[in-house]
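**Student:** Each chain is listed here by its residues.
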Amino acid sequence: MARDYGYIISPSLTRYTFEPGTTVRGKFTLTNSFVTDAPEAQTFIISYRFIFQEQGKKNIYETTPSGKGQYDLTPWISLGRTEVTLGQNESVDIPYTITVPSNPLPGGKYAAILIQKKSSGGTLTSSGASLDDRVAYQIIGKVAGTEKRESEIVSFGSDKSVYFMWPNEVVTFTISAKNNGNVEFLPSGDIFVHQGAITGAIWNENFNPEQLVILPENARSYSVSWEAKKGFFRTDKEGLTINLDYFRIGKYHATAKIGYDQNNNRVVADRVVDFWIIPIPLLVAVLSLVAAGILLSLVKKLLTKKKKK
Amino acid sequence: MKLPKNHTFAKRLLFSSIVAGFLYYTISLVSAAGTAVTLTPAALAANTGTDVLFTYISSDEYQMGDSIEIVAPAGVTVTNCAAPTTDADGDTTTDGSSLVVSQTYTYLFSDDTTDATTTGVSFCVNYEAPTGNYALTFIDTKANSANNDFGGALLYVGDANVVVVSAQVQPILSFTIRNAADDGNTNSCPLGVLTPAAVSECSYRLKIGTNSSSGYVVSISSDGDLRRSGSGDVADSEDIDRVTDESGTISAGTEAYGLALLGNSTSTSTPVTEGTETGFNFSTDDSPIPIEGTNGTKVLYTSTTMNDPTTLSHSALVTHRATVDTGTLTGNYQHLVTYTVIANF
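Line by line, the protein sequences are chains A and B.
Position one of the first sequence corresponds to residue 1 (this note's numbering), numbered consecutively onward.
Position one of the second sequence corresponds to residue 1 (this note's numbering), numbered consecutively onward.
It is worth saying that the hints were derived from the structure and are not from the lab.
Any given hint might turn out to be false.
With a Cα cut of at most 30 Å, we get these calculated DSSO-like pairs of lysine-lysine [said to hold, decoys possible]:
(1) A:68 to A:148
(2) A:251 to B:142
(3) A:57 to A:27
(4) A:230 to A:160
(5) B:142 to A:257
(6) A:229 to B:142
As the structure is a prediction and not an experimental result, all values here were calculated from the model.
The following block holds chain B by itself, in its conformation from the complex:
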């Protein structure tokens, strides 16, 4: 079509029509859907012609003139069943007829279906093939092309002349506490000399391994406050005050003690969720450590995926931080922190 040179309105109209048409086309395609296919049976004996029911639920009822094609790969012999499908949707009325050309089974609808979107449609096709796995695919053509469906399924052929090797892998859970560099195990986190002028810190890694897809839960508890050796933690003056939950990072000169968890940052491929129990919202800021007799055991973090512990990035980095003020009594301050790992369910 050639437009007159000064016919700008027509040009605009043409341009807008193209844009609108493109949008309409893309939006009209939104309803097209991949469809789950069921083969019955899905596994056949090798080199033995077998009737297979090819079943799926359609996006829309079929109308007279619609058709579907089921295509098998080379190597598969396709024939019609001895009793070819006439009633595709199982409502006891004839919906159409089928034919096979080479690898393609075609069903042509001569009447409207009534149950294709509810109970689905089934087509009987006879397949014969040597041992192997074969992908069967289908696509239909409906009057309303927006409701066309496509899909596929694997046909497994041949299991008579194979040796079955079986093995069982049970769910496994492993756990170790590693130093921050991950070159050795550790069971301590030395904070060194605590002074009001600085925040002392120490770090280690929790490395958990599991082959369970439901993941694992790490819980934390302690035997009491970080307290002066031999004090028994009977008075507040004998311990380093626990940091208040969600109050940020400890700053030098104000007596406080807590831990920070870098669970997510070190395990991008195995996401963890920090515990968020009241008063113990573990995250990258400093959080108080629960005391067994007072707070019980709290969830430090949860993972809902399997985890390979051999990779450094699949561990959680825990950092203890502490600082004192001028009123803190002299001495060594210690406590015992217990981590328990349990499979998630």
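So that you can see chain A by itself, here it is in the shape it has in the complex:
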């Protein structure tokens, strides 16, 4: 029996640049993969909603919130069909049309086409909850020539200024950015950890590998963590070497090279945060070693004296 995936839509997202006064025709594929259900055929209801972000979190709206109308794509959408019945593992294209006005409001436009099983909301004979499941296909667009790309890096920092338990501790860096423009903003870049020269970085990581965007009038935070590589010994080009992450100590700098939008241009800014690694476990181990050495020599000295007596 085929695996039961439920609804499958493909693609899950399409991006457009709209020319005023034009008509855009698009489609996506819906597959009925409810293979363990009876009856085998399923009827799906198709509708659409406005989607946007609130404090960087995506939301689907029954009605467009006040002040967000300029980003609402739904008034331009019409569906080729609002209901479709599919047998198990059958697929169908869901067509839609976007009619762009000749004088549209500028900036980004956002909507989702929702697919929902008609038989959802199971029947209950006792107290309980009926469940509806919906899957959303997203349309992300912008009106050509009206983009205002403007953003700012609000902050860059580490979760602590001193890390006492390294290497059993994780250093977490967070970048907060804000979109002041009218189209989505994609912050990008890397964080480098070094002790003076970025070219001698001992670690670097992309802080937004998922390419998560910030919609207009929103802010979002991105976190990435640096942790010690595991294993005291490592094998690399040099052969078997000691994992130096176990011996990190002193003052470190984290430099974030952040790409963001300013005056419709992409610019790169450096933000730096300093932090200390004072690894108490390592220091205790070294001091214990030294103390043990001294103690051993003292004991030997005493034994030698006793023998002489």
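Go by the hints and put chain B onto chain A.
**Tutor:** Positioned in the frame of chain A, the structure of chain B alone reads:
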């Protein structure tokens, strides 16, 4: 070295020196760094000698007497370029000269560089090889060994006599609600008979699949309170009170209703982040269910990785819990909960 038998101070000094020396050595190595290498071009025609620029940014400027070695694997013929590199850092002055012995290209610096740490250094090497992928590696030797660099890159050779097979995989999103045992789909969560003596509960799993590395977002809303059938939820007496957010787990005898999310515990390889919107901090304790007309749709949880829905551990377990008190009116209490899955971006 043999120490006198009673020379304990010397022994201590020797021991401390060894420890200190070990520490100094390890700390001095901290600055050594793996370096990103760029090959231009990175792809060559098979069995055709081609000049390749081997470029990287150095940790430190090179000084007279420093050197670098670029090593190619067996099967690759290495020669110097017709115009061998003399100006390594591109500042229009001669920095040194190169020689090739077997698979190894060596560049010896006869003068200090000025731009090795900014624009980087480039070395021209001619490579010829049959079809295959070859790892080129380099290591340098600087006066200050703490700033030595190493790195590598793949050289792709040969694409003329191959058949190109191409395919496109589009981002996919799938969703189904499964029963707790994951052996069937479900669209209901029956709480059974509610009594003040116990907390009734029912569970199911949200199974989302995506091949998108940006993951997905699961939102939740409902059509109203858990309410007496036919009541229309016009009065508080007609519903089971929603649990207060962050007030812990529902306990028997005090009318309350909510849901708990076990998103993380059941998906260790696909981490999820529970929604934390004000009043709806979904987690393993009981949280209220948002009502569409009053609260709108709330984020239940977010995943920022792709997810394989065929594995039970890659699903989120949702548990509804309810209890009543002696003042709760008799009847069947029901409502409709809607989950919407959308790709993350």
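**Student:** Is the Cα-Cα distance between residue 229 of chain A and residue 142 of chain B 30 Å or less?
**Tutor:** holds, 26 Å
**Student:** Check the hint pairing residue 68 of chain A with residue 148 of chain A against an upper bound of 30 Å on the C-alpha distance.
**Tutor:** OK: residue 68 of chain A and residue 148 of chain A at ~16 Å, within 30 Å.
**Student:** Could you grab the alpha-carbon distance between residue 142 of chain B and residue 257 of chain A and see if it respects the 30 Å cut-off?
**Tutor:** Holds, because 28 Å separates the two Cα atoms, which is no more than 30 Å.
**Student:** With a cut-off of 30 Å on the C-alpha distance, tell me whether residue 251 of chain A and residue 142 of chain B pass.
**Tutor:** Measuring from Cα to Cα gives roughly 24 Å; hence the hint holds.
**Student:** Holds or violated: residue 230 of chain A with residue 160 of chain A, Cα cutoff 30 Å?
**Tutor:** holds, 22 Å
**Student:** Taking only the CA atoms, is the gap from residue 57 of chain A to residue 27 of chain A under or equal to 30 Å?
**Tutor:** Satisfied, since the Cα-Cα distance of roughly 26 Å is no more than 30 Å.
Going down the numbered hints, you'll see the structure goes against none, and every one checks out.
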